[in-house]
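Undergrad: Chain by chain, the residues:
Number of protein chains: 2
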Amino acid sequence: MAEENKLDILSSSDQQEKPKGNKLHFSLIHNYPQKNAEILSSQYGFNVFLAGLLLMFAWAIHAVGITDRDLLSYLITLMLIQLVWMLWYIFGSYSQRRSIIEKDTDAGARWLRCGITLFAVITLILDSFKIGYYIGYSECLSITEGIFPVTHTIHTLLQVYFLWFHAKDIIQSFKTLERFGLIHAVFTNLLLWANGILTESKHQLNEHKERLITLGFPNITMDLHTPECNCTSSVCSIFSQGIYYLYPFTIEYHILASTMLYVLWKNIGRTVKHNQQQKIHFKFHGITAGTVMGLLVLTTTIGVLVVYLIQIGRSKSKSEMALTMFYLYAITVLTLMCTAAIIGLIIYRLENKSLDDSESPAKKLDSDLLVGSSCGSWLISWGSILAIISAETHPGYAWYNLPYSILVIIEKYIQNLFIIECIHRKEDENDDRTVERIFSVSNRSTLSLTPSYEVFNETVTICSEFPYMSNSNLGEGCVDKKNQENNNCLRLTPSNISIHACRSAKLNKKRRILKNIAAFLFLCNISLWIPPAFGCRPQYDNGLEEVVFGFEPWITVVNLAMPFSIFYRMHSASSLFEVYCKT
Amino acid sequence: MAEENKLDILSSSDQQEKPKGNKLHFSLIHNYPQKNAEILSSQYGFNVFLAGLLLMFAWAIHAVGITDRDLLSYLITLMLIQLVWMLWYIFGSYSQRRSIIEKDTDAGARWLRCGITLFAVITLILDSFKIGYYIGYSECLSITEGIFPVTHTIHTLLQVYFLWFHAKDIIQSFKTLERFGLIHAVFTNLLLWANGILTESKHQLNEHKERLITLGFPNITMDLHTPECNCTSSVCSIFSQGIYYLYPFTIEYHILASTMLYVLWKNIGRTVKHNQQQKIHFKFHGITAGTVMGLLVLTTTIGVLVVYLIQIGRSKSKSEMALTMFYLYAITVLTLMCTAAIIGLIIYRLENKSLDDSESPAKKLDSDLLVGSSCGSWLISWGSILAIISAETHPGYAWYNLPYSILVIIEKYIQNLFIIECIHRKEDENDDRTVERIFSVSNRSTLSLTPSYEVFNETVTICSEFPYMSNSNLGEGCVDKKNQENNNCLRLTPSNISIHACRSAKLNKKRRILKNIAAFLFLCNISLWIPPAFGCRPQYDNGLEEVVFGFEPWITVVNLAMPFSIFYRMHSASSLFEVYCKT
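Top line first, the protein sequences correspond to chains A and B.
For the first sequence, counting from 1, position 223 maps to 223 in the numbering used here; every step adds exactly one.
For the second sequence, counting from 1, position 78 maps to 78 in the numbering used here; every step adds exactly one.
Extracted from the complex, chain A is given alone in its bound form (with noise of 0.2 Å):
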């Protein structure tokens, strides 16, 4: 913001030069300060936010004369502007007047760009089924209802392509009614993303339902917004489960799309300093055990997964059984990832480095969001928590809440400042990096003869004193004769570079553990991602915290919170994957 206003100053004064005959009106429209375009763009914003939020409570509540077909109209309307201003943009900036446009190296990396794509492509299948849907039902199902997932379709594919051709412009010029069409690409689709939501919080209630329905539950009626007619087609049935299963995707695609989407926004009229950062390479490197044992967690989880969906609902002593493994494997991993995230930490603070002092929007966003996305779920487990204590009897799975409950608590609380400090960390381009590359080209491939092999070619000669720094435990002799490092180093060759060789060979052996943690972290957070994502509810399931709150204030609770929870997981992923390629 800072430098924005620095920029308002700069054109303001240019302005002081141009003919005074239109003045007035070149003041009023023109020489509108940037720091008020901010606050006029975020308010239009927010009213077409609320607007639509409350549309959809007033549909999800079944409000008198609102219908599906108003909701879906407002949001079409929506959808098409968005069009008409990505064009108005894209066209726009293939003409003059924005050739020359500065890039935001933190916004829009490209795994986030493939990552968007992916969930893209799955929610372009999403809108086929809906299409199919709606051909089946065609009798019944008002025409909004076809015409939305065929808008959708066409906003996706637009959107993809803008996002990953324009996440890292900087815009300079025309930046008031740039301002307006992101933010209103943000609110679009964050409420693409609450439509998503809410559908998928009804379907997941109603599944509930039913179960508790099963189990002998009387005075239950389900909440179905179905088509009042059959379905002309055989496929109907495949479409209308298959939804279901691809909505979790849609709607990871529209909150990172919106997140994508504000960095655009926040970052209007900045200045940024040019080459602040380097590129962050992807290198599957001596992450072995991290990976391992990511990947064996990923698949228990996909197990016990099955199983509890399988289990639940069938039977009381089954479902009983159900929540009893799910708690006890959640409770292992997440002690697990507590142990990982805290190594981690310790290593940082052994590590002592200073902390990036340059605001770029999109890394405060990644950390307000991981900070604002992990209350989801805390709150929900101070729900479960205050219910345990509270509740006059207890069925034995519920004591295995309790530590579930608090070590979720704990697991966000700890990875958050794992993620969060080294996303600030500050590249010591000087001493770490250049020996780190010399001992990655002798560590991988000793035969390859690369230039930094040449221009530092003392300094290996020097490290071959050490045999065991090339293999993998290398550095390792270093940290174990620790009390003797000075002597030993000094000793061998008489030369600082030893020393220097030294240091860094323990660096990147804390550099490899912390590569091992994020990689381990990484996999948990996705395999964690899963179950909720689909379907997989114990907060419904184990019955304590409805008995003491009551069915509907405890559903509520969830089904508010539950999203954020969801989010957190995939956020964290991502944030942690630039961890990993960061260290």
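Among the hints, erroneous ones may be present.
Identical copies carry no separate label here, and so any pair may be met within one copy or between two of them.
Unchecked claim - Keeping only pairs whose Cα atoms sit at most 35 Å apart, straight-line, the calculated DSBU-like set for lysine-lysine is: (1) K175 with K509; (2) K582 with K510; (3) K582 with K103; (4) K582 with K318; (5) K363 with K103; (6) K175 with K353; (7) K175 with K364; (8) K316 with K266; (9) K582 with K364.
For the record, the hints were derived by calculation from the structure and aren't laboratory data.
For this one, chain A is given, so just place chain B on it according to the hints.
TA: Here is chain B on its own, set in the frame of chain A:
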């Protein structure tokens, strides 16, 4: 944040020189990066807050096994921890190590501290009422209901002292413990605020239900938390009635305290440019028009409120009359406010000042709170608009609700732009202020010769050639004779100083209009704070939204959004006071 990290770099480089013996322990404990200390403490704060919110939620919905006592014990514990921390801080700040403390001139303005003291005094009265109420019902109330107001009294006294003397502190040493203490204080106040809102909402809802029962609606159950014994004293009913008239002030007290504490927390470890802002002085001078109109609005509002509260719920026709009166009155006031704010914005555009580039947490929080709290009333307004559009039958007064709701949205939108732009405007000390000082001297008392009069003697002599400048229409001549401006001034006095005087007289006139607008809007916002804070809820009473959304959902929406809407008015009033002083 940027400055904070710069500090970290300095401190970490300092620590490189410390002895190596105790290095591990030292780097783990003392060398904790401040960016992480921020995340560490904010995560702690969120958890304290979420646990408290859930306790309140559980109490409000009469969850099994959760009583009033649990909630109050939790709040008492939090207050006691904050008390201990504040004592530690206050005693610590008198000792040697914190003798040189930097101050943030943006934070904790004098009028803000005066405001909080006023609210705190009313809070103390409320506490004494609560103690009286407890003594009256002591037979059947738990001891916590007596301990709570006593603790709250001590907490209020010490907190006001703390804010009065330490609100501007920029803490530089022992940052981690200070961060934890401050964030604990922020969220303790937020919880006390939420608790106040909850009690107040329940009370309002019960009053609304009583009215509905009077109007003959069946099937309405009251949600009462009343004691189960008779009062031993005769003044119990005065206490229990009086408490609800004092709640709005307590609510404001806690939210103000938490914002001031939050600014303190954000300021930890920051470096500020010294003398960044001159002192703001309040001068009641030349703002007759704005003040008179504002006071007119204020008195009329109180009259309208009294009539409304007497008429509403008596009978159907009287309720309709009260609603029509309220809407017509509110539409008039909001239209006037919109007009005033638009004129203010046009003057800003004509003045073409650049915006301040310093990033101050206090200023940023001000803008964020304005836009954030607006969302509360925007949500309610969009609900009303949606209800009017989709309702099947409309009573006559319902149509007044539509322009009212639209104007509520527009007025907040424009007013926010007006306030935020002014907060961020730069002071042009070189050209405007100095000359204004001369004029204000000649304007206010032509007899006293202040130093500035003597210094700029020449200017004043020249200006005395314009006889109209000595009366209150100062500078009007320059504006009226706009076309001949340059000729006139140059003919009278060949020196450039004369043009300058003319220009600044025009500027002075603009400034006076802005001051009038700020004064008017300030009083209007105070006026619009009163009706919702003291139980005027047309959103409940008009019945239209309740029909469309259903009783429970609409009541929930209003109860969630209304506190923010009420807070908005108080916060915008305080911001407009700042705008007035700055202009």
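Undergrad: Can you list which hints this structure breaks, lowest number first?
TA: 4, 8
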